[in-house]
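Protein chains in written order, with our numbering: chain A, 1 to 154; chain B, 1 to 303.
Incorrect hints may have been included.
Stated by the list, open to error - In silico DSS-like links for lysine-lysine, alpha-carbon gap of 25 Å or less:
{"#": "1", "chain 1": "A", "residue 1": "K16", "chain 2": "A", "residue 2": "K5"}
{"#": "2", "chain 1": "B", "residue 1": "K122", "chain 2": "B", "residue 2": "K93"}
{"#": "3", "chain 1": "A", "residue 1": "K142", "chain 2": "B", "residue 2": "K18"}
{"#": "4", "chain 1": "B", "residue 1": "K284", "chain 2": "A", "residue 2": "K142"}
{"#": "5", "chain 1": "B", "residue 1": "K140", "chain 2": "A", "residue 2": "K147"}
{"#": "6", "chain 1": "B", "residue 1": "K118", "chain 2": "B", "residue 2": "K103"}
{"#": "7", "chain 1": "A", "residue 1": "K71", "chain 2": "B", "residue 2": "K195"}
{"#": "8", "chain 1": "B", "residue 1": "K28", "chain 2": "A", "residue 2": "K147"}
{"#": "9", "chain 1": "A", "residue 1": "K147", "chain 2": "A", "residue 2": "K118"}
{"#": "10", "chain 1": "B", "residue 1": "K112", "chain 2": "B", "residue 2": "K101"}
{"#": "11", "chain 1": "B", "residue 1": "K122", "chain 2": "A", "residue 2": "K118"}
{"#": "12", "chain 1": "A", "residue 1": "K13", "chain 2": "B", "residue 2": "K101"}
{"#": "13", "chain 1": "B", "residue 1": "K103", "chain 2": "A", "residue 2": "K142"}
{"#": "14", "chain 1": "A", "residue 1": "K147", "chain 2": "B", "residue 2": "K249"}
{"#": "15", "chain 1": "B", "residue 1": "K118", "chain 2": "A", "residue 2": "K147"}
{"#": "16", "chain 1": "B", "residue 1": "K101", "chain 2": "B", "residue 2": "K122"}
{"#": "17", "chain 1": "A", "residue 1": "K16", "chain 2": "B", "residue 2": "K101"}
{"#": "18", "chain 1": "A", "residue 1": "K16", "chain 2": "B", "residue 2": "K93"}
{"#": "19", "chain 1": "B", "residue 1": "K195", "chain 2": "A", "residue 2": "K118"}
{"#": "20", "chain 1": "B", "residue 1": "K140", "chain 2": "B", "residue 2": "K4"}
{"#": "21", "chain 1": "B", "residue 1": "K4", "chain 2": "A", "residue 2": "K142"}
{"#": "22", "chain 1": "B", "residue 1": "K140", "chain 2": "B", "residue 2": "K115"}
{"#": "23", "chain 1": "B", "residue 1": "K118", "chain 2": "B", "residue 2": "K93"}
{"#": "24", "chain 1": "A", "residue 1": "K71", "chain 2": "B", "residue 2": "K115"}
{"#": "25", "chain 1": "A", "residue 1": "K147", "chain 2": "B", "residue 2": "K18"}
{"#": "26", "chain 1": "B", "residue 1": "K118", "chain 2": "A", "residue 2": "K13"}
{"#": "27", "chain 1": "B", "residue 1": "K101", "chain 2": "A", "residue 2": "K118"}
{"#": "28", "chain 1": "B", "residue 1": "K4", "chain 2": "B", "residue 2": "K122"}
Unchecked claim - Just a sample of chain B residues kept apart from chain A, beta carbon distances all over 12 Å, derived:
{"#": "29", "residue": "D77"}
{"#": "30", "residue": "E91"}
{"#": "31", "residue": "G135"}
{"#": "32", "residue": "E141"}
{"#": "33", "residue": "S164"}
{"#": "34", "residue": "S176"}
{"#": "35", "residue": "C203"}
{"#": "36", "residue": "G224"}
{"#": "37", "residue": "L256"}
Stated by the list, open to error - Have a look at the derived ranges for each label pair, beta carbon to beta carbon:
{"#": "38", "chain 1": "A", "residue 1": "E12", "chain 2": "B", "residue 2": "D99", "range": "18 to 28 Å"}
{"#": "39", "chain 1": "B", "residue 1": "K111", "chain 2": "A", "residue 2": "A34", "range": "24 to 34 Å"}
{"#": "40", "chain 1": "B", "residue 1": "V38", "chain 2": "A", "residue 2": "E154", "range": "45 to 55 Å"}
In short, the hints are calculated from the structure, not lab data.
Heads up, the beta-carbon is just placed ideally off N, CA and C, and yes, glycines get one too.
The primary structure of each chain is shown beneath.
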Amino acid sequence: MTQRKLDFSFREKLNKIVGGNHHNYCYQCGSCVAVCPAARFSDDFNPREILLKTLLGEEEDLIRSDSIIWKCTNCYSCYERCPQDVRPVEVIIALKNLCAEQGVLPGDINKFSETLIKTGRSVIITSTVNRRRQELGLPELKDVNVKELQTIIE
Amino acid sequence: MAKKISVAPFWGCMIPVKYPQMELSVRKTMEQIDVELVDLDQFTCCPDPIYFKARDKIQWLTIAARNLAVAEEAGQDIVTMCSGCTSTLLEAKFMLAEDSKLKNQVNEKLKKINKEYKGTVKVKHIVVMLRDDVGVQRIKESINRPLIGVKVGIHYGCHLLKPSQIMHIDDADYPSLLENLIQALGATPLTHREKLLCCGKGCMDDEMPLEMTYEVFDSMESVGVDCMGLICPTCFNSFDMGQILIARKMNREFNLPVIYFCQLLGLAQGFAPEEVGLHLHRIKVDRIMEMIGASEKPLEMVA
């Protein structure tokens, strides 16, 4: 077996993403695994291992559209439990941001984000929506101020 | 006479578009307890704390800060109806308070639209407002058809409570917020082993989300609940539609009505199921209505 080469440039990249720098505090205790529902329901998802791979700079494994990180439930149990304030879920989201930077987001996320940026809402208003709202006596949904939204994220 | 509460409702995206029955139940029930909802028309998506945040945290934070600034400008505090919106807005507030450089960076972007996030606005999920500002006593006074004998399986969902460092709402392991509110309606909250399990919606996997949903139902059924009570439209999607999927893919029918808290409140305040939009749910509430002695009005079926 060949010895793996450590690549710390990956960690430096991650440090630049909001919340990514907290990965440095991980001492691999595994508290996150004990409370993680994705770890419970999956054979291969393990937040401690994701943090270890991050610390070792295993970018190829982590930064992919089919990376294990996408199975995170985003439940924040690890954030709640971590004794080191690693905020593992936030590190995982920072890893996802690196996926976005490198153009390897899963298709669903791209589609969802495009809808949000185009309309200001994450759910598309179909013709039946306002009809149903009218039946319920609710006010009609108007377009939101999407121009402001687009301006601030330019 | 209690002081009138006035707040800006942050409806989010899922509720007004996919589940307007929840909005209906909020509007109807808040009227009964003198909570004035001041609709602001400048809010956008919160934005969502899972998909959009995965794309770009800074963009996510900036859009959230704009929404907060909209409420600050109007001089209104925000009440949220969805745990996801609550999570995004409270986490944004936390991050911007924690890191002044980040706050300046975000405010530089908001300057382009002549807005500024100051940090003064309060954000509360509607059940937190009910507990802290309205109070159990006022809720009880609004009730004329207590849900006596109805056993409610509580599902907290993840984003209302965690991380408690940010949310500051309740003990994340032993919460009592929903138990107390359900009790105020005359119903019996039942605890069950998977009360705090994630609904699974945020996990991008073909099998796992439904397996989690299944476990929650199995847990609730084992203690004999009559319905499920929850506070988040994303969880609702997992459990209402999820029951149909479980019946199809896992061959087990739970047949448990899934009810948003303000719909339960509405039933207890004497509204008919269709007045709080329960006729739009996949699993109907006829049996609950029988239990509280209000079965004479048949449910209108809407395709």
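Status of each hint after checking the structure:
{"no.": "1", "hint": "A:K16 with A:K5", "in the structure": "22 Å, holds"}
{"no.": "2", "hint": "B:K122 with B:K93", "in the structure": "9 Å, holds"}
{"no.": "3", "hint": "A:K142 with B:K18", "in the structure": "15 Å, holds"}
{"no.": "4", "hint": "B:K284 with A:K142", "in the structure": "31 Å, violated"}
{"no.": "5", "hint": "B:K140 with A:K147", "in the structure": "44 Å, violated"}
{"no.": "6", "hint": "B:K118 with B:K103", "in the structure": "9 Å, holds"}
{"no.": "7", "hint": "A:K71 with B:K195", "in the structure": "21 Å, holds"}
{"no.": "8", "hint": "B:K28 with A:K147", "in the structure": "33 Å, violated"}
{"no.": "9", "hint": "A:K147 with A:K118", "in the structure": "9 Å, holds"}
{"no.": "10", "hint": "B:K112 with B:K101", "in the structure": "18 Å, holds"}
{"no.": "11", "hint": "B:K122 with A:K118", "in the structure": "28 Å, violated"}
{"no.": "12", "hint": "A:K13 with B:K101", "in the structure": "19 Å, holds"}
{"no.": "13", "hint": "B:K103 with A:K142", "in the structure": "30 Å, violated"}
{"no.": "14", "hint": "A:K147 with B:K249", "in the structure": "43 Å, violated"}
{"no.": "15", "hint": "B:K118 with A:K147", "in the structure": "22 Å, holds"}
{"no.": "16", "hint": "B:K101 with B:K122", "in the structure": "22 Å, holds"}
{"no.": "17", "hint": "A:K16 with B:K101", "in the structure": "13 Å, holds"}
{"no.": "18", "hint": "A:K16 with B:K93", "in the structure": "20 Å, holds"}
{"no.": "19", "hint": "B:K195 with A:K118", "in the structure": "37 Å, violated"}
{"no.": "20", "hint": "B:K140 with B:K4", "in the structure": "17 Å, holds"}
{"no.": "21", "hint": "B:K4 with A:K142", "in the structure": "28 Å, violated"}
{"no.": "22", "hint": "B:K140 with B:K115", "in the structure": "41 Å, violated"}
{"no.": "23", "hint": "B:K118 with B:K93", "in the structure": "10 Å, holds"}
{"no.": "24", "hint": "A:K71 with B:K115", "in the structure": "37 Å, violated"}
{"no.": "25", "hint": "A:K147 with B:K18", "in the structure": "24 Å, holds"}
{"no.": "26", "hint": "B:K118 with A:K13", "in the structure": "30 Å, violated"}
{"no.": "27", "hint": "B:K101 with A:K118", "in the structure": "29 Å, violated"}
{"no.": "28", "hint": "B:K4 with B:K122", "in the structure": "17 Å, holds"}
{"no.": "29", "hint": "D77", "in the structure": "20 Å, holds"}
{"no.": "30", "hint": "E91", "in the structure": "9 Å, violated"}
{"no.": "31", "hint": "G135", "in the structure": "27 Å, holds"}
{"no.": "32", "hint": "E141", "in the structure": "25 Å, holds"}
{"no.": "33", "hint": "S164", "in the structure": "6 Å, violated"}
{"no.": "34", "hint": "S176", "in the structure": "17 Å, holds"}
{"no.": "35", "hint": "C203", "in the structure": "4 Å, violated"}
{"no.": "36", "hint": "G224", "in the structure": "24 Å, holds"}
{"no.": "37", "hint": "L256", "in the structure": "20 Å, holds"}
{"no.": "38", "hint": "A:E12 with B:D99: 18 to 28 Å", "in the structure": "19 Å, holds"}
{"no.": "39", "hint": "B:K111 with A:A34: 24 to 34 Å", "in the structure": "45 Å, violated"}
{"no.": "40", "hint": "B:V38 with A:E154: 45 to 55 Å", "in the structure": "31 Å, violated"}
Checked against the numbered hints listed earlier, the structure breaks hints 4, 5, 8, 11, 13, 14, 19, 21, 22, 24, 26, 27, 30, 33, 35, 39 and 40; every other hint is satisfied.
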